[in-house]
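**Student:** As a plain string of letters, each chain reads:
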Amino acid sequence: MRHVLLILVPVVATFAILPSVYSNHLLLFNFMIFIMLAQGVNVIYGFTGYLPFGYVGFFGAGAYGFSLMVIHLQAPPLLALPVGAGAAVVLGLFLTPLFRLSGAYFSIANLAAALAVLQVVSNPNLESITKGPYGISLSGVFNPTLAYGTALAVLAATLGLVIYLRNSRFGMALQAIREDPISAGMAGINVVRERIIAWLLSALIAGLAGGVFAWYVSVFYPETVFSGEFTIFAIVFALFGGNATVVGPILGVVILYGLYNAVGISTPQYFQLIYGALIMGLVLFLPNGLVSLLRRWGLNVP
Amino acid sequence: MLLYTLLAGLLFGLYFSLIGLGLNLVFGVMRIVNLAHGDFLMLGAFLAFWLFTLFAVNPISAIPIVFALFAVVGLPLYYLLVPRLLKARDPEMLSFILFFGLSQVIEAITTIAFGTSERSIPGVQLGIVIATVKGLFVGHKVDNGPIEIFGQTFPAAWVASGVVSGLAVLFVYLYLYRTRLGYLTRAVMVNREEAIATGINVHRVSAFAFGIGLGLAAVAGVFAPFMLGSITPAMGVEVTVTSFTVIVIGSLGNPLGTVLGGLVYGISYMFMQSYYSSWANLLPYLLLIAILLVRPSGLLGRQVRRA
Amino acid sequence: MTRYTIFALLVASMTSATAFAQGTGAPAEIKLGTLYASSGRFASISMPVHDGLKLWLEQKNAEGGVFVKAFNKKIPLKLIAYDDQSNNATAATLYNQLITQDKVDILVSDSGSVLTSVAVPIARDHKMLLIDQTGTGANFFTPDNPYIVLMSDPVSSIWPKPLADFITHDGPKLGIKRVAILYSTNDFTGTQANAVRKFIKESNSGVEIVYDEGIPTETSNYTVLLNNIRATNPDAVIELGYAPNDIAFLRNVQDSGIKPKFLFCIYPGLETELLEKNVGGAGLNYVFTYVPSSEIAYQASFGMPLKDYKAAWDKKYVDSKVEFGFNSVAGYTTGLVIESALAAANSLDQLELRKAIFSLSGKLRTLDGTFELDATGAQIGEITPLGQLILDEHEHLKFVTVWPHDVATGKPVYPRP
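Chain order of the listed sequences is A, B and C. Position 49 (the first sequence) corresponds to 49 in my numbering; numbering is contiguous. Position 109 (the second sequence) corresponds to 109 in my numbering; numbering is contiguous. Position 118 (the third sequence) corresponds to 118 in my numbering; numbering is contiguous.
Calculated from the structure, these hints are not laboratory results. C-beta atoms are modelled at their ideal positions from N, C-alpha and C, and glycine is treated no differently. One or more hints might be untrue.
[To be verified] Capping the alpha-carbon separation at 20 Å, the derived lysine to aspartate or glutamate pairs in EDC-like fashion look like this: (1) C:K201 with C:D212; (2) C:K198 with A:E127; (3) C:K73 with C:D105; (4) C:K259 with B:D143; (5) C:K259 with B:E148.
[Unchecked claim] Quick list of simulated restraints, FRET-style, between CB atoms: (6) B:P83 with A:I182: 24 to 34 Å; (7) C:D392 with B:Q152: 32 to 42 Å; (8) A:R295 with B:R84: 13 to 23 Å; (9) A:S168 with B:R84: 27 to 37 Å; (10) A:S292 with B:G199: 35 to 45 Å.
Put together the whole structure using the sequences plus the hints.
**Tutor:** The following block contains the structure:
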């Protein structure tokens, strides 16, 4: 409960107030999207150790689920959003067999799955269903204010979930599985079930983020919502801040995405260079992220 | 059409084997995932391009230079990155992220240095070599155009890359089975802990394997301008994904299994392109997932690798 | 009636003259906001457009600004440009930035359909007229959205008309009866393929499509596809793709020994220098392509003619890595349209600007041809004729325009030797 007051309320309040003082709402919106995605990666990687290298697949599935509901069934956005996120969860269910794979194999297979979904969605033979490579246009439901508000709600729910994971028995169980699945199993934890729940929650977060993103931008191509950059950014933000914590991913997004918007836009290649070097430095010298540094200084980081 | 597709698949498959060979060797020995593999291939391609543009070095003659240079660069790079990594709790997973960072660094530096435009080497350069070699056998001058196999004509580059891929596989085989270092390498591949216990200098063995892995990637790069249309600094990621597909199909950690992976991939890709053109790029991903799920050890694998 | 009009005009000019004298309301500068991509997959089409626009802008500022009718004086331009790195999400943020933070007077999109696409709803939402430079996606232009207007490049759905017209009119006489279409499945080339198919089918010319396949845009080797196409025995092969696709395709044609009798690709015309570097002069010889405005000396009634523009470009971008071509003309054309619109609009109101731009339709002739819009703001003038590349005795590639007949500069060579 303390975390709700200390983290969730201030973060959500900040994003609720900022639009009235700062008018580039889309930038604020993208900050929220990346906090959701970084937290989604946190849920699956931070708490179970599986790195979802095709995480954007859920984001794209959510975006398309949302858009197809709107286009084909004229669904109101607030109804289309949960259904779209449902598409991401269904994709997550389809991919549960991947948990038979360990470490890097899981990541590679997950990446392949995301790319496969992109290939299907953008295939011109499915134009009547997905609009193929010609892209989606949702001008009918375009409503940035409502979409922003909805994103705020999704953000709050995401943070609430991560706070719950951090403090609940379920979250403990997940981390126990991450540390040592065999002992965790012997201690009475249903390893398979708990993992899959975390996985589907993570897919749900990305699906909701994708749906609300589609609503907000309203015109996009398949490559836009299946762009590998979403995965990469989300993973790097989460890693940089520190996984398996509540504040780590938020810190990661605020610092790195802030830096990206301040510096990256004017000198992109140098930024990619710095980014790459930063990732390498992190893995070699600070594998547990920024929060581990804070902890080393004696701060208690939630 | 059927015969052509099949032969094309075989030839292209041989080239895919070469693309995956280095990655598989590195994985087999170190159990780390070199996500920058495609970027080393890209660098090899750029080196061949510059050797040709500045010094008119024929791509075939460039192969030994490119290989040697990358193998030599690989040794210090290994000591810089890998030993520290192997000490971590989950080196396989962390290597994935570490080499992703390296891949970003390489792509950024290449973009800053050379810009984003496409580049290539004229296809006739490989035709000349093949025609010269063929001329030695038949005793008279031969046309340097496309080459006929079983009544089907293929670009000279396909044949040249096929031959070089075959030689590269032979080279890896001889290294692993006919040299002392190769013998030790196989020992490390079978069981790293035991190898350390028996006093093998694992780092030295691994460093050599790493260097050879990079060298092979760069050699595959020499053919990239011919087989992959043109080259750009951003091409690495896609090549890496393809390489993974190839070695997963063949057998992870078994360099010679890469050949089977390459052939299966090449043939099935060409059949998809011929008969279901617009779906061709879906196939590699589905194959990869299917094989990982059904036979995680690949078609040639012996033991099942699991969590 | 006439007397009344004259009186009204007099009053109007007097009031505007007093407004001018007092200088009330006239801004110190006109803010023009745009994006460009210095890296990523759209860099090669974005940078020349951006450099062309910049050239126009700096030239105007050197003359003391552009004439703005609304304030009856010359006002300097201020360019606010951000780099979106070919990233759609970044581009969207930056368009918003231009509108909401920088409060630009004129909003110009980045080049190409993908990076323009995200700007369409944003501009509409903020009631800003989107000056769309080269985003030709057909679904941007809808009757219910007045906030977009396309500057150069015809909209994708009519762009290939000269190609289809040539094949259906002159084709049968030359012996072209069977056509193969191979296209990359993305918005740009997919729409062009749909258009070609439609034009040929509707022509009732007896020309038949014998091969029609879409392939992923990432395709990098065409050898097997070429062999399949040959099996259908076509008289003409049309390959529609992005520059890397065309490079791979033409290289494979050269290396595989397959010799189509008629070969059409988009980029040999649009990015001739780049293609020549990769494919070589021989590989482009006798290839049909669009003849870009950078190759045709249109009678420009406004702005620099091609020759002067090329000279200005070479002077300004001495050792730039950006190649002169079709896209660099497009960026300059954007500037010319904006200039003409500011000289005609009664205020800087966005819909007034739109009205001013529409008033130019069919009348404004620049080095890019005749500027002409349909009711939705899509460009239907400035069409690119069909031409053939010919390698002359100095190993230099030149364009021979073959369709439409009234601008033709020579006869097509068929079959390709």
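**Student:** Can you give the numbers of the hints that this structure goes against, from lowest to highest?
**Tutor:** none
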